[in-house]
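Could you build all of it, start to finish, from the sequences and the hints given here?
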Amino acid sequence: MPTIAEKILSEKAGKEKIVEAGEIVECEVDYIMVNDVTGVPAFEVFEEFGRKRGEGMRKGKVVVIQDHYVPNKDVDSAEQAKALRDYARRYKIENYYEVGKEGSGICHQVMIEEGFAAPGRLIIGADSHTCSYGALGAFSTGIGSTEAAAAMATGRLWFKVPATQKFVIDGELRRYVMGKDIILHIIGDIGVSGSLYKSQEFYGTAIKNLCLSDRITISNMAVEAGAKAGIVPPDEKVFEFLRGRVRGEYRPVYADGKESEYEEVFEYDALDMVPTVAKPFSPDNTAPASELDVPIDQAYLGSCTNGRIEDLRIAAEILRGKQVSREVRMIVVPASKSVFEQALEEGLIQIFLTAGAFVCGPTCGACLGGYMGVLASGERCVSTTNRNFIGRMGHKDSEVYLANPAVVAASALEGRITDPMELLR
Amino acid sequence: MRIWKFEHNVDTDQIIPAEYLTTGDAKKLAAHAFAKVRPEFPKEVKEGDVIVAGENFGCGSSREHAPRALLGAGIRCVIARSFARIFFRNSINIGLPLVEADVFDRIEEGDEIEINFEAGMIRNNTKKEEYRFKPLPEFMQKLLDSGGLINYIKKQR
Numbered sequence: 013m014p015t016i017a018e019k020i021l022s023e024k025a026g027k028e029k030i031v032e033a034g035e036i037v038e039c040e041v042d043y044i045m046v047n048d049v050t051g052v053p054a055f056e057v058f059e060e061f062g063r064k065r066g067e068g069m070r071k072g073k074v075v076v077i078q079d080h081y082v083p084n085k086d087v088d089s090a091e092q093a094k095a096l097r098d099y100a101r102r103y104k105i106e107n108y109y110e111v112g113k114e115g116s117g118i119c120h121q122v123m124i125e126e127g128f129a130a131p132g133r134l135i136i137g138a139d140s141h142t143c144s145y146g147a148l149g150a151f152s153t154g155i156g157s158t159e160a161a162a163a164m165a166t167g168r169l170w171f172k173v174p175a176t177q178k179f180v181i182d183g184e185l186r187r188y189v190m191g192k193d194i195i196l197h198i199i200g201d202i203g204v205s206g207s208l209y210k211s212q213e214f215y216g217t218a219i220k221n222l223c224l225s226d227r228i229t230i231s232n233m234a235v236e237a238g239a240k241a242g243i244v245p246p247d248e249k250v251f252e253f254l255r256g257r258v259r260g261e262y263r264p265v266y267a268d269g270k271e272s273e274y275e276e277v278f279e280y281d282a283l284d285m286v287p288t289v290a291k292p293f294s295p296d297n298t299a300p301a302s303e304l305d306v307p308i309d310q311a312y313l314g315s316c317t318n319g320r321i322e323d324l325r326i327a328a329e330i331l332r333g334k335q336v337s338r339e340v341r342m343i344v345v346p347a348s349k350s351v352f353e354q355a356l357e358e359g360l361i362q363i364f365l366t367a368g369a370f371v372c373g374p375t376c377g378a379c380l381g382g383y384m385g386v387l388a389s390g391e392r393c394v395s396t397t398n399r400n401f402i403g404r405m406g407h408k409d410s411e412v413y414l415a416n417p418a419v420v421a422a423s424a425l426e427g428r429i430t431d432p433m434e435l436l437r
Numbered sequence: 143m144r145i146w147k148f149e150h151n152v153d154t155d156q157i158i159p160a161e162y163l164t165t166g167d168a169k170k171l172a173a174h175a176f177a178k179v180r181p182e183f184p185k186e187v188k189e190g191d192v193i194v195a196g197e198n199f200g201c202g203s204s205r206e207h208a209p210r211a212l213l214g215a216g217i218r219c220v221i222a223r224s225f226a227r228i229f230f231r232n233s234i235n236i237g238l239p240l241v242e243a244d245v246f247d248r249i250e251e252g253d254e255i256e257i258n259f260e261a262g263m264i265r266n267n268t269k270k271e272e273y274r275f276k277p278l279p280e281f282m283q284k285l286l287d288s289g290g291l292i293n294y295i296k297k298q299r
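Chains as they are written, first to last, in our numbering: chain A, 13 to 437; chain B, 143 to 299.
There could be a bad hint or two in this list.
In silico SDA-like links for lysine to any residue, alpha-carbon gap of 20 Å or less [as the list claims (entries may be wrong)]: (1) B:K188 / B:E250; (2) B:K178 / A:G390; (3) B:K147 / B:R265; (4) B:K296 / A:T166; (5) A:K291 / B:P239; (6) A:K291 / B:V179; (7) B:K296 / A:E67; (8) B:K297 / A:T166; (9) B:K296 / A:E59; (10) B:K170 / B:K185; (11) A:K73 / B:K284; (12) A:K172 / B:F281; (13) B:K297 / A:E59; (14) B:K169 / A:D88; (15) A:K408 / B:F148; (16) A:K85 / B:K170; (17) B:K170 / A:V87; (18) B:K297 / A:G62; (19) B:K284 / A:E35; (20) B:K296 / A:M69; (21) B:K296 / A:E60; (22) A:K71 / A:E56; (23) B:K170 / A:D86; (24) B:K178 / A:A388; (25) B:K276 / A:Y209; (26) A:K408 / B:I295; (27) A:K249 / A:S272; (28) A:K334 / A:L435; (29) A:K172 / B:P239; (30) A:K172 / B:K284; (31) B:K284 / A:T166; (32) A:K172 / B:F148.
Think of the hints as simulated: they come from the structure by calculation, not from any bench.
Right, here's the structure in full:
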């Protein structure tokens, strides 16, 4: 009665017998994704491999996405992006995504929108949030540049089959409680090393009723608990999303539902979950938004965690006809060109602009303190991103508070961290 | 040899802040290692130094730049109670030795230690103590012995 992780890894390792947690297997991967930060070192290692002329490059499996420091922040990042562009050209990588062009955006959003991510697939990416595609029933996980190079050359990579933890969230979620709050609640409960080396699977009526976007938020942050993957069994919502979008065939994989296969089972009541904030400097340092009274300087809506159209809609609903506090700079960054276009069409961008927010094109941007939206010493940002480590968004004495898009919008209006329910009173 | 002691959950943003991720060169990265949390580190670290930390060392980003920065700084080994998985794989794959051992409360900055990887033994010459650790699984030891993943694959062909 294997878990989803065991089933996918067995199939990709070409084993008839199911491999079990703890075994080391070599698997054929479906796709290998690299971005502008991790891609250049990967191609450099590939060339060290003695493959200068590119023979053996599994280019159909390789996806190259410019997203972290584009448009370029300085000469060094410009050189890096140029080097990546040159490699993509030299190796004739067809799955190449350039700033502003069709299909472009933050790498994980692109992998999902462009139909690379699908149920049953094994996808590796040189970015830790590659685990996002678990929301579509894939086994996907972050790797380093050297591993990406090895997989580019061989199409394969070694994996230690992880033990799986099962998370069951039953019941109806309260208003303004989103996927972000579910995963922050879980990380607050089990800690940032609570799933170290493990795979997570998510079940329960609250997960079933969740839109795909919110499930992606949950899988995206699995790595913040140390997990290797965070998988939601795929259902009709996933199949519908993939219709006309997915590349090639796919086959959904399900666990057989025996609890004995799981290393641990965690059960939660959706009603116990509230809009939650992770305080500095760790994603497990959580508290209900309503219990905090923290003045903020910046509010950030975007990233692979919460930059999708559903996230922009809920924020716009709260901001509509109102003004962002004069003490707060609000920054809105749609996760992809396609999300940006959809937001324009729905009038959301105008709502943000009228409310006094700054809107810009898709980039990882402020999430990792890369360039735009960087914080000065002593400044605080409430952010829909995934990490609030020391100096993550700028100066080492700045602070990031992680929250859902509704909390970020409500906080932007009030100038301090705010539970959106307060605005309804 | 100097011991650099760190706490639990040392993340990759501490090891190498994101704004310096415009190169993959180990030496260049080393100049900014721990720049925000321990600015003296890049200036004072010496070839052969060892890092000792608590749980979940290297959590966060998949940036291979983190173990590369430590290798570039001359760090010979990181000893921690546990490691984040991507950091663990990256380190083994590029040849930075890691030791998973529960010695966080035993080894202090300033202690003089010796590590015997094969025997799975750390000797603390300052405290006159010995600590055992479980050597790496065979497959990973093979990777390290080959000089990392790329050389391992080359050998297999």
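So, going through the hints one by one against the coordinates:
1. B:K188 / B:E250: Roughly 17 Å separates the two Cα atoms, so the pair holds.
2. B:K178 / A:G390: Cα-Cα ~14 Å, so holds.
3. B:K147 / B:R265: At roughly 17 Å apart (the allowed maximum being 20 Å), R265 of chain B and K147 of chain B satisfy the hint.
4. B:K296 / A:T166: Judged against 20 Å, a Cα distance of about 11 Å means the pair holds.
5. A:K291 / B:P239: violated (33 Å)
6. A:K291 / B:V179: It holds: about 18 Å lies between the C-alpha atoms, which stays within 20 Å.
7. B:K296 / A:E67: Judged against 20 Å, a Cα distance of about 15 Å means the pair holds.
8. B:K297 / A:T166: Within the cut-off at roughly 13 Å; holds.
9. B:K296 / A:E59: Distance ~13 Å between K296 of chain B and E59 of chain A Cα, so the pair holds.
10. B:K170 / B:K185: holds (13 Å)
11. A:K73 / B:K284: violated (27 Å)
12. A:K172 / B:F281: Answer holds: K172 of chain A to F281 of chain B is near 10 Å, not above 20 Å.
13. B:K297 / A:E59: holds (16 Å)
14. B:K169 / A:D88: holds (16 Å)
15. A:K408 / B:F148: holds (17 Å)
16. A:K85 / B:K170: Holds, at roughly 18 Å.
17. B:K170 / A:V87: Cα-Cα ~16 Å, so holds.
18. B:K297 / A:G62: holds (13 Å)
19. B:K284 / A:E35: holds (16 Å)
20. B:K296 / A:M69: Holds: K296 of chain B and M69 of chain A sit about 15 Å apart, inside 20 Å.
21. B:K296 / A:E60: holds (11 Å)
22. A:K71 / A:E56: holds (15 Å)
23. B:K170 / A:D86: It holds: about 17 Å lies between the C-alpha atoms, which stays within 20 Å.
24. B:K178 / A:A388: Answer holds: K178 of chain B to A388 of chain A is near 13 Å, not above 20 Å.
25. B:K276 / A:Y209: holds (17 Å)
26. A:K408 / B:I295: violated (40 Å)
27. A:K249 / A:S272: violated (28 Å)
28. A:K334 / A:L435: Within the cut-off at roughly 12 Å; holds.
29. A:K172 / B:P239: Given that 20 Å is the threshold and the Cα spacing comes to 18 Å, the pair holds.
30. A:K172 / B:K284: holds (15 Å)
31. B:K284 / A:T166: Status holds; Cα separation ~19 Å.
32. A:K172 / B:F148: Violated. K172 of chain A to F148 of chain B sits at ~27 Å, over the 20 Å cutoff.
Taken one by one, the earlier hints fail for this structure at numbers 5, 11, 26, 27 and 32, listed in ascending order.
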